[in-house]
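Asks: Heads up: the protein sequence lines correspond to chains D and L, in order. When the letters of the first sequence are read in order and numbered with our numbering, they come out as residues 1 to 286. When the letters of the second sequence are read in order and numbered with our numbering, they come out as residues 287 to 427.
The set of hints was computed from the structure by calculation and includes no laboratory data. Everything numeric in this text was worked out from a predicted model, so none of it was measured. For every residue, glycine included, the Cβ atom is placed at its ideal position computed from N, Cα and C.
Once the Cα atoms are required to be at most 20 Å apart in a straight line, the calculated SDA-like pairs of lysine to any residue come out as:
| no. | chain 1 | residue 1 | chain 2 | residue 2 |
| --- | --- | --- | --- | --- |
| 1 | L | K305 | D | M49 |
| 2 | D | K148 | L | E404 |
| 3 | D | K214 | L | V406 |
| 4 | L | K305 | D | S38 |
| 5 | D | K148 | L | D410 |
| 6 | L | K407 | D | H146 |
| 7 | D | K148 | L | K305 |
| 8 | D | K214 | L | G318 |
| 9 | D | K214 | L | H355 |
| 10 | D | K148 | L | Q337 |
| 11 | D | K153 | L | D410 |
| 12 | D | K214 | L | E371 |
| 13 | L | K407 | L | Y394 |
| 14 | L | K305 | D | Q48 |
| 15 | D | K148 | L | A408 |
| 16 | D | K214 | L | R319 |
| 17 | L | K305 | D | Y220 |
| 18 | L | K305 | D | I39 |
| 19 | D | K153 | D | D164 |
| 20 | L | K407 | D | E156 |
| 21 | D | K148 | L | W356 |
| 22 | L | K407 | D | E149 |
| 23 | D | K148 | L | E335 |
| 24 | L | K387 | D | A145 |
| 25 | D | K148 | L | P403 |
| 26 | D | K174 | D | N94 |
| 27 | D | K148 | L | R409 |
| 28 | D | K153 | L | K407 |
| 29 | D | K148 | L | D411 |
| 30 | L | K305 | D | P44 |
| 31 | D | K148 | L | V406 |
| 32 | L | K407 | D | D152 |
| 33 | D | K153 | L | V406 |
| 34 | D | K214 | L | E360 |
| 35 | D | K148 | L | H355 |
| 36 | L | K305 | D | N41 |
Listed next, the stretches of chain D that the computed footprint assigns to chain L, with coverage defined by at least 3 CB atoms under 8 Å from CB atoms of chain L:
| no. | segment |
| --- | --- |
| 37 | 33 to 45 |
| 38 | 219 to 230 |
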Amino acid sequence: MATLRDIRRRIVSVRNTRQITRAMKVVAASRLRRSQESIFNARPYANQMMVLLESLAGRLEQQQHPLLARRPEKKILLVVVTADRGLCGAFNANLLRTAQNYIREHRQREVSLITVGRKGRDFFRKRPVTMAAEYVNIFRQLEFAHAKELADKIIELYTSEKVDAVDFVYNEFKSMMSQNVKLERYLPIEPLVPPEGEYLTDYIYEQAPAQILKTLLPRYVEIEVFRSLLESQAAELAARMTAMEAATNNADELIESLRLKLNRLRQAGITKEIIEVVSGAQALEY
Amino acid sequence: MADILPAYIHLEIVTPDHKIAEEEVDEVSIPGREGYLGVLPGHAPLITELQTGPLEYRQNDSRHYVAVHWGFAEVLPDRVIVLAEIAERGEDIDVERAENKRKRVEEYLKSHPESDPETVKARDDLRRAICRLETARQVRA
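Just need the whole structure built from these sequences, with the hints factored in.
Replies: What follows is the structure, encoded as structure tokens:
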């Protein structure tokens with residue numbers, strides 16, 4: 001049977017935890033705002049690049065580039081984008097499950113991994129998989145340079161034929177309440193589709209279109225990688241916010257029920273004392 | 287092509303991280319791969335790669351400088367869109383840091399062989415540092 005003191009102590013402890021979860025929620029919320037801003041800021045560049053690529057695709061009779069080359073897929077690289085930290089609901093677990101399923105499905109082929117985020121690294125370190133590279137601690141201060149480094153790495157692995165395809169698995173930021181695990185092929189790049197219908201602008205090309213394509217495609221990979229990292233970061237923060245919100249609410253409820261229990265117990269003690277006093281006095285009268 | 291030439295150029299400079307500039311300007315000078323391109327309103331549509339160098343634009347009588355490192359520019363009669371990997375306004379450049387970098391890289395290049403892949407990278411760094419210094423210098427001039 002819990003004593004009054006035990007319950008009081010428990011309330012204090014839950015209250016302290018609530019303070020932490022509430023602070024984490026506020027921090028996640030404010031970082032999420034910044035993260036969403038980054039996604040928004042990255043959009044003009046990405047859109048403009050798409051426009052350029054499409055107009056180039058319309059210009060070239062045949063697209064030839066090492067990053068467009070298709071080979072029989074014997075060796076596949078999977079890039080797993082998780083968070084660096086936990087306490088964000090099922091964010092990491094969902095993603096890692098998808099990654100494991102992927103590995104199981106591609107058992108006949110050689111699958112190697114690149115993990116982004118500490119959680120993914122720690123998870124796969126204990127398992128029999130080939131790690132090509134790992135990136136940790138980049139989400140605290142995510143910059144384009146990080147995406148560039150990762151993109152250069154996968155491009156290098158692909159062009160040197162160490163791998164024949166590169167897939168990405170990451171959490172997409174759908175809304176505050178929901179994240180979506182996404183599996184996407186990043187290399188080889190899908191052949192570009194020229195825009196439908198008549199193309200309006202007749203550009204002068206300072207360099208030959210093929211030359212521009214050659215320098216543009218690696219940038220395209222970089223921006224795609226950057227986008228998925230930004231998405232994952234926003235999704236992580238949203239997941240953490242939701243998880244911490246739920247934790248704070250649970251703490252509220254727990255405190256409420258503990259307080260009820262405490263008051264009941266206190267009242268029971270008082271009633272008991274009164275009965276003792278009254279019955280003691282009555283015993284003296286006779 | 288419109289009969290009347292547009293009076294201004296709508297200039298947009300974007301990098302993967304953010305938008306550096308979005309302004310109505312009178313004249314833009316772009317560091318193209320094959321050399322500088324002066325763009326006035328009504329220029330024919332054009333696409334070019336950029337090289338590392340200061341980009342200059344004029345608004346009435348004020349001139350602005352932006353250091354750009356690698357990228358593309360799309361020129362349309364009434365618009366110029368610059369996609370740069372890195373872009374910094376001249377006013378925001380940390381001159382001291384660029385100067386230090388330049389010295390460091392020059393030292394490095396003196397003591398290292400030509401063909402080393404690291405040397406290629408160092409050379410890019412040097413180009414960037416010089417471009418930053420140049421841009422900052424022009425702002426002050």
